[in-house]
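> The lines below spell out each chain.
Number of protein chains: 2
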Amino acid sequence: MRTIKVVMAFCLLGFSANAQNKDSAMFKRIADDIFTNSKAYDNLRFLCKQVGPRLSGSPQAEKSVKETFRMMKELGADTVYLQECMVPHWVRGAKESALLVDDKGTTFSLNICALGNSVGTGKKGLKAEVIEVRSFAELDALGEKGVKGKIVFYNFPMNPTNVETFRSYGEAGQFRGRGPSMAAKYGAVGAMVRSLASNIDDYPHTGTTTYNDSFPKIPAIAVSTRHAEYVSAELKKKKGLQMYFRTECEMLPDVKSHNVIGEIRGTEFPNEVITVGGHLDSWDLAEGAHDDGAGCVQSMEIIRVYKKLGIKPKRTIRVVMFMNEENGLRGGRKYAEVATAEKNKKFIFALESDAGGFTPRAFGFTAEEPVLNKLRNWVPLFKPYGVYEFSAGGGGADIGPLRPLGTTLAGLRPDSQRYFDHHHAANDTFEMVSKRELELGAINMVLLLYVVDQYGL
Amino acid sequence: MRTIKVVMAFCLLGFSANAQNKDSAMFKRIADDIFTNSKAYDNLRFLCKQVGPRLSGSPQAEKSVKETFRMMKELGADTVYLQECMVPHWVRGAKESALLVDDKGTTFSLNICALGNSVGTGKKGLKAEVIEVRSFAELDALGEKGVKGKIVFYNFPMNPTNVETFRSYGEAGQFRGRGPSMAAKYGAVGAMVRSLASNIDDYPHTGTTTYNDSFPKIPAIAVSTRHAEYVSAELKKKKGLQMYFRTECEMLPDVKSHNVIGEIRGTEFPNEVITVGGHLDSWDLAEGAHDDGAGCVQSMEIIRVYKKLGIKPKRTIRVVMFMNEENGLRGGRKYAEVATAEKNKKFIFALESDAGGFTPRAFGFTAEEPVLNKLRNWVPLFKPYGVYEFSAGGGGADIGPLRPLGTTLAGLRPDSQRYFDHHHAANDTFEMVSKRELELGAINMVLLLYVVDQYGL
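Residue numbers (UniProt numbering), protein chains in the order written: chain A, 1 to 457; chain B, 1 to 457.
Hints are not guaranteed to be accurate.
Note that the list lumps identical chains together, so a pair holds whenever it fits in one copy or between two copies.
Unchecked claim - Below 30 Å or equal to it, Euclidean Cα-Cα: the simulated DSS-like pairs (lysine-lysine) are:
#1 Lys383 x Lys236
#2 Lys374 x Lys127
#3 Lys148 x Lys308
#4 Lys307 x Lys185
#5 Lys383 x Lys28
#6 Lys123 x Lys314
#7 Lys123 x Lys238
Keep in mind that the hints were calculated from the coordinates and are not lab data.
Start from the sequences, fold in the hints, and give me the full structure.
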């Protein structure tokens, strides 16, 4: 009954049941081969353990460029090349530390890290009274009188009641992003943000803060969720608590880096380009396994499986390792800039995986309604592989700049429950990735690229 | 458009849009409270870390009875009581070991463990030539001539191409279950089975073997997947390889144990019983976090959240911690036996969670077609909580014996990709469970029980 409905839906929309069966068989061939022969997990191990943390501008970031260039060659890409871009070069510097200090001089050491792109305190560090706020409204109410000369502690937990954790991340993220400058506006000398983590543990989670040039740039740190709770409890018990913290991070001049691009040339419409990628850079504290080594190695998998199964794409498939998503997005912008200049090419579709190597559940699309509706006809074929939904809205930071070219954007949406336990923290390690979950994500990505390539949009 | 369709479906089937909105609001209240105040994760930590491995007949199993009795009292159950049952008492005994020995006397130590319910070799151990087979057909082809006096090594990997890992477990499981006796039939003196694991690592995975009384009971062990690959490779290189292994496990006389039952009494139909549970016992090698501490603590959550939100069930809710699922199923059988004798009660529905504390994806039902169709009308309300499918077939080992009473059976179906990395092995630990995934499972279980209680079947 259900099958009949599916077949009818396909017929009505111009797909024949025969095509459906053929595609279903091809889906199975692709999935079986990835589950059996994928290099994604081994490549991820290499990126995490042999290259390691790879913040833009670091030697490891350069090593990751070289190594993914090699990987795509070995996987059998027709061509692999580099695309130069300048990237910010922020460095964390010497070991960071923070102490909570009460009026008797008793100290308690806090698990903290500097926020990305933030200024440091310098060697001497910074000591001041710490005050807690839970919203910008509270900050505004305190005003200059309550804030000046102090360290503002933003203690806004990620809302546990959103099933989709990215939503809670979006809500809480404003304090990391704008918080330091909003505090500086009222004369604060430092800012500390509760880590954007959905669990209670001891890892501080870094991530970019964005200074507003109208206000002084003040040192900014993140504190582990457990210690955020601790500081908050202490503040309720004791008056005039002070904090000392020291960070020696700094922003150095931009340096040259690269996106890495591997291509399989299209046989029928070589000038129509389908882009797929993840970002190569990671935070300096983490192996960048889920964020976003996973997306990189999943994206490369199409080269391996197409060569292995002898699938020749009609359109050109470009696998892109984007540089600098974390603290500048320069790679994504450069890719779109070059694409815009390639007047003879049409960038019809781009897919990004940058939400972790977890079990896939859906794809999100930024697309015109008729395109999305056309894509949705394929959902029944994806269900056996765990993807039940093609939803409106989605893509990825690196491919976002392609949208003005009319490119349809897609983002893999894996299950999000564990993502923010690891995101931007030292426990984003290879061991936290399940081989099968990673591969199932890669499978669905290749399947989506397959139908887009075969049938166009 | 989609909303209209959903509403229409509800109206056609006798549900009003109003009821749907009311239920949707209640779903949100339940989910929010579990994500915010659940005790499931803390209770699981207690079971794993303060009680630990709890094989039937062990002191820890008895401790788990006492502690879950306390937990359900504390959560606010109207009554909590024990249901006596006799359970097998298999003990692993002294430390197990195994060596691969070549003709030069070079030895290689293998990661092994005795299979549950198996006989041991005794202190002296067992030494014999080892031969590998990949199927029962291969074993039959070798016959007595090829097998007699040897150790049979069943090296059948779990098929990686099944998206649903339980399917591969089912296919590979026959070698652990029947393999030793099938080998003994041809005169083998011992059996070694490749661990039922979907990854390659160093943990041996135990689990029950079932002897056929027609043949001698021979000692049986599982070997880690990595060492299964190693032994296989060595067998290809060297002739006449021998193995030595020693296990001192034994089956002792049955002992008394208990199911633990917590009830919330129904207000309208107290004699209609809705059962929900997991199993309290675990293998002795593991903390039993995913298998099945998770199912136990998820099941208890309905008591907490109903009391907290003041929800009074129409029907009686029985939360059951089943004893002895792993190597006897005596708890499940006893529960059904007692239920059969309770002539004044109707056991309308039973739900089990015994597939790990992973992110939920579906429920599986053993139900008559009209019942399943009725249940399926609720699927749209579950989608926001990650459950997209109510499928035919499912339940759980412990609730299975209720089926002859006409009970509709349901099983939570979490994502299965990681389950067999941990199943029955020492790495089935608390740390491998995500708080949010565990809670999301509990949420969906309570939601299902809620609609069944409110609307009946």
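> Going back to the hint list, which numbers does this structure go against?
Violated: hints 1, 2, 3, 4, 6.
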